[in-house]
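K.L.:
Listed here are the chains, written in short residue letters.
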Amino acid sequence: MVKKLFYALILLLVGTSVGCLQNTGENHATNSIVLATTTSTYDSGLLDYLLPAFEEQTGTEVKAISVGTGQAIELGRRGDADVILVHAPEDEKRFVSEGYGVERHCVMYNDFVILGPEEDQAGISNDASAVDALKKIASAASTFISRGDNSGTNKKELSLWERAGIENRAKWYIETGTGMGQTLLTASEKEAYTISDRATFVSMKDKLDLKILVSGDRLLLNPYGIIAVNPRKNPGVNYEGAETLIRWIGSDEGQKMIKDFTKKDEQLFTPLYNKCMD
Amino acid sequence: MGAFLDSLIGAAQLILSFDPELVSITLLSLYVSLLGVFFAGLFAVPFGIFLGLRDFRGKRLVVNIINTFMGLPPVIVGLFLFVIFSRQGTLGNTSLLFTPEIMALAQFIIAFPIIAGVTLSAIGGLEKDVLDLIVSLGSTRFQRISLTFFEIRFGLLTALMAGMGRAFSEVGAVIIVGGNIRYHTRVLTTAIVLETSRGEFETAMALGIILLALVFVINYAITIVQEQSHR
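Chains as they are written, first to last, in our numbering: chain A, 166 to 443; chain B, 369 to 599.
Since the hints were made in silico from the structure, they are not lab data.
Everything numeric in this text was worked out from a predicted model, so none of it was measured.
Treat each hint with caution, since some may be false.
If we take Cβ atoms under 7 angstroms as the criterion, some of the chain B residues that face chain A in the derived model are [stated by the list, open to error]:
#1 455
#2 458
#3 462
#4 464
#5 540
#6 549
#7 552
#8 565
#9 566
#10 567
Positions of the beta carbon are idealized from the N, C-alpha and C atoms, including for glycine.
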């Protein structure tokens, strides 16, 4: 009896693996591109909303890898991705000027918000200046959660600390080394302050005991750029596919879809129609 | 506790709905691990038998290396494979990065020492006179090997399933080399990491339950095999 069960199990396993083999065989045949992007575009659900429409219209399949901006740019540099969608304008410009990227197209923007617990021990609520808010958090030595992962959000946060002139961040400063969603969950659990892009926060806010305390500072604007990886540096990349995606995302239709993307009745991204803010 | 129960109920509903994406993630997990472990077994079992039956200079060193690699941290395997198979790496032109096949390769590397090691100890567990008997009965090398094979058949199954269990529940390597791409390289473990980071605990729990159930089946099978072998 046991033996029979065993043979049945093995047969089942072999059967499924053969079935899967056939599946992957088909997948390899289609025209596809690898998109390296940030956790914010993925965790907010934007990509799951945009990409199926693009794939259906163009027949180009998009394999999205969601990592921090630092890793996404590195994947582009190595030629492991065909196109990158990130939010760190300075790094993006360097990526292009060093010849790794073809051209930077401005896709959309949203903004960063400084979040904290309801009690707001540091008293930053309604501060107009993000820099002042960080100074208060530091002097109150309230717990602050940083992504610490070289992502676009992390870079923005570090530039704000630099502006605030606070270099010595001690015990109250915690680096999680994880994506935005995980960092928000950590901040919520620890009743701490953190900084997030608005999109990820809004899409997760039901699960978080955090509220927006500071927003609207010009310094908190968060523009996203899309760049095709340069085939001259990395001959193996699918440049044509990358351009197809860039053209589509910048088209009236792609931009309108971005504008119409809402979570909990809030618009998460504002399209830029290829006009850069900087 | 209430929130935990809610997640559990939500998870159960998700599983029972046979959500196509959930099914495809589960099948891909099985495909990747079976492929990796199948080839690991194909090479590691003969290697383990060879090590067990033959004496040669440096054998102790090889055995020690195998034992050390049984505890090889998967994330290191992932990192090395990534650097090698990245387009600028030595094998970059193979375009294997971010495919299920390279994930299977990672699991091959992780499972190989486990299967070889357990095979080796199965032979070590054979009585001296059984081994002598094998030698005296088998006139040709082929007969000797097939007799050994027969004697340690239960140990071999244990070896394969231990490798399978380890490969199946592994996340560190496959998330680096696979990239956790939806519909392509997302397996149960990497999906759990993603859903947890998104705060989608119900989906993460559903995936976790499936993973746990499959690992349970694998381990249960090991136990049955071991009980049989003692009879």
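K.L.:
The hint names residue 565 of chain B as touching chain A; please verify it with the least Cβ-Cβ distance against 7 angstroms.
P.N.:
With a closest approach of 4 angstroms, the residue 565 of chain B hint holds.
K.L.:
Please verify that hint: residue 455 of chain B, Cβ, nearest Cβ of chain A, below 7 angstroms or not.
P.N.:
holds, 4 angstroms
K.L.:
Let me know if the C-beta of residue 566 of chain B comes in closer than 7 angstroms to any C-beta of chain A, holds or violated.
P.N.:
holds, 5 angstroms
K.L.:
Hold the hint about residue 552 of chain B up to the distance rule: shortest CB distance to chain A must be less than 7 angstroms.
P.N.:
Constraint on residue 552 of chain B satisfied, holds at 6 angstroms.
K.L.:
Does the CB of residue 464 of chain B sit less than 7 angstroms away from some CB of chain A?
P.N.:
Violated: closest Cβ of chain A sits about 11 angstroms from residue 464 of chain B, beyond 7 angstroms.
K.L.:
So, residue 549 of chain B near chain A? Judge it on the closest CB pair being under 7 angstroms.
P.N.:
holds, 4 angstroms
K.L.:
Mind checking the CB of residue 462 of chain B against every CB in chain A and telling me if the closest is under 7 angstroms?
P.N.:
violated, 10 angstroms
K.L.:
Under 7 angstroms is the threshold here; is the Cβ of residue 567 of chain B close enough to any Cβ of chain A for the hint to stand?
P.N.:
Nearest chain A Cβ about 4 angstroms off; hint holds.
K.L.:
At a threshold of 7 angstroms, is the proposed contact between residue 458 of chain B and chain A supported by beta-carbon distances?
P.N.:
violated, 13 angstroms
K.L.:
Was the hint right that residue 540 of chain B lines chain A, CB cutoff 7 angstroms?
P.N.:
Interface hint status for residue 540 of chain B: violated (14 angstroms vs cutoff 7 angstroms).
Hints 2, 3, 4 and 5 from the earlier list are contradicted by this structure; the remaining hints agree with it.
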